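There are 2 protein chains.
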Amino acid sequence: MSETRLSTEKVFSGRLIGVRVDTVRTDSGREATREVVEHPGAVAILPVTDDGKLILVRQFRYAIGREILEVPAGTREPGEADEVTAVRELREEVGVEADTVELLARYFISPGWCNEQIAVFRATGLREVGSQLDQDEVIELVTISVDDLPALIASGDIADAKTITAILLHVRS
Amino acid sequence: MSETRLSTEKVFSGRLIGVRVDTVRTDSGREATREVVEHPGAVAILPVTDDGKLILVRQFRYAIGREILEVPAGTREPGEADEVTAVRELREEVGVEADTVELLARYFISPGWCNEQIAVFRATGLREVGSQLDQDEVIELVTISVDDLPALIASGDIADAKTITAILLHVRS
Numbered sequence: 000m001s002e003t004r005l006s007t008e009k010v011f012s013g014r015l016i017g018v019r020v021d022t023v024r025t026d027s028g029r030e031a032t033r034e035v036v037e038h039p040g041a042v043a044i045l046p047v048t049d050d051g052k053l054i055l056v057r058q059f060r061y062a063i064g065r066e067i068l069e070v071p072a073g074t075r076e077p078g079e080a081d082e083v084t085a086v087r088e089l090r091e092e093v094g095v096e097a098d099t100v101e102l103l104a105r106y107f108i109s110p111g112w113c114n115e116q117i118a119v120f121r122a123t124g125l126r127e128v129g130s131q132l133d134q135d136e137v138i139e140l141v142t143i144s145v146d147d148l149p150a151l152i153a154s155g156d157i158a159d160a161k162t163i164t165a166i167l168l169h170v171r172s
Numbered sequence: 000m001s002e003t004r005l006s007t008e009k010v011f012s013g014r015l016i017g018v019r020v021d022t023v024r025t026d027s028g029r030e031a032t033r034e035v036v037e038h039p040g041a042v043a044i045l046p047v048t049d050d051g052k053l054i055l056v057r058q059f060r061y062a063i064g065r066e067i068l069e070v071p072a073g074t075r076e077p078g079e080a081d082e083v084t085a086v087r088e089l090r091e092e093v094g095v096e097a098d099t100v101e102l103l104a105r106y107f108i109s110p111g112w113c114n115e116q117i118a119v120f121r122a123t124g125l126r127e128v129g130s131q132l133d134q135d136e137v138i139e140l141v142t143i144s145v146d147d148l149p150a151l152i153a154s155g156d157i158a159d160a161k162t163i164t165a166i167l168l169h170v171r172s
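Residue numbers (numbering that gives the first Met the number 0), protein chains in the order written: chain A, 0 to 172; chain V, 0 to 172.
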């Protein structure tokens, strides 16, 4: 299975994302249009304390118009290895360094129309070093237990793919 | 925590997505730019056979340039209830009807820049009725076991958020 690009048009180039509209020929020989959002990728890191608690961040998300509780995360910097981004976000947002950082999974967020890939890590052996938030970042740290997950999903406090995935993968591995 | 919209500019209106660039005032009083992708939302449905196997679909995804194995899913139709979309996708892509359809979770795919929300269902008590694919859809049905998940993630065959989330939530509930 594949699709051949016949033409491409860049319709938006932003600071974070780009958008193109491609015309393709499908396997069945038909012409079709594909809207594609280009994203540099993201990294998330789940900090697990020595007593097994999880540290999440509560922040306002403009795109969805409310606050949610998320695993710490950031956009990948050009040329930066995922693990380096993860460690940096951990220090900046949570104010900790970690003895061990492990990859839990790497996956696409919505492969039907977007190339954003996210790498999800777990951090253990945490040491406090003090957070270094960007001037524009307003976040609150919240410590939860793994057992809180169903109730926090039901209440809508936890409401995004990377956070649910990170916690469920952590529990299984 | 909140951000106040000062201005908004629609920069793209496609068949599937729209993109706007908003200027906001943050809690700390600064002006900032927010790129927002508007998406109608999606529905995924995990079909579980009577012997506990999972039915996935293998299809080519142009945005990421390769085939992956995914839980059956589709874009929400305007005004259609999630569960109705789920049942329709199940019939069209997998060719089955289900005795029971349960919501596993509803979450945002990437709340930092996109309002796409996905509702993930589980279908049990399956009865074959014959698939009804759109002319443009080329998919292959693949039946897996829950225990195959780690190997399929490691191999990159399973590589998207909704599929990983659906299977992990199914295992836990």
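In case anyone wonders, no lab produced these hints; they're calculated from the structure.
Be aware that one or more of the hints could be misleading.
[Claimed, not checked] Taking lysine to any residue and the SDA-like style, the derived pairs with C-alpha atoms no more than 20 Å apart in a straight line are: (1) V/9 / A/10; (2) A/9 / V/9; (3) V/9 / V/28; (4) V/9 / A/137; (5) A/9 / V/52; (6) V/9 / V/21; (7) V/52 / V/68.
All values derive from a computational prediction rather than experimental measurement.
Query - Given hint residue 68 of chain V paired with residue 52 of chain V - CA-CA distance at most 20 Å - result: holds, 15 Å
Query raised in the report: Are the Cα positions of residue 9 of chain V and residue 21 of chain V separated by 20 Å at most?
Result: holds, 9 Å
Report task. Verify the proposed pairing of residue 9 of chain A with residue 52 of chain V, using a straight-line Cα cut of 20 Å. Result -> violated, 42 Å
Query raised in the report: Does residue 10 of chain A lie within 20 Å of residue 9 of chain V when you go C-alpha to C-alpha?
Result: Holds, at about 12 Å.
Report task. Would you check the hint for residue 9 of chain A and residue 9 of chain V, treating anything up to 20 Å between C-alpha atoms as holding? Result -> holds, 15 Å
**Report entry** Given hint residue 137 of chain A paired with residue 9 of chain V - CA-CA distance at most 20 Å
**Finding:** Cα-Cα ~27 Å, so violated.
Query - Restraint status (C-alpha distance of residue 9 of chain V to residue 28 of chain V at most 20 Å) - result: violated, 24 Å
When each numbered hint is compared with the structure, violations occur for hints 3, 4 and 5.
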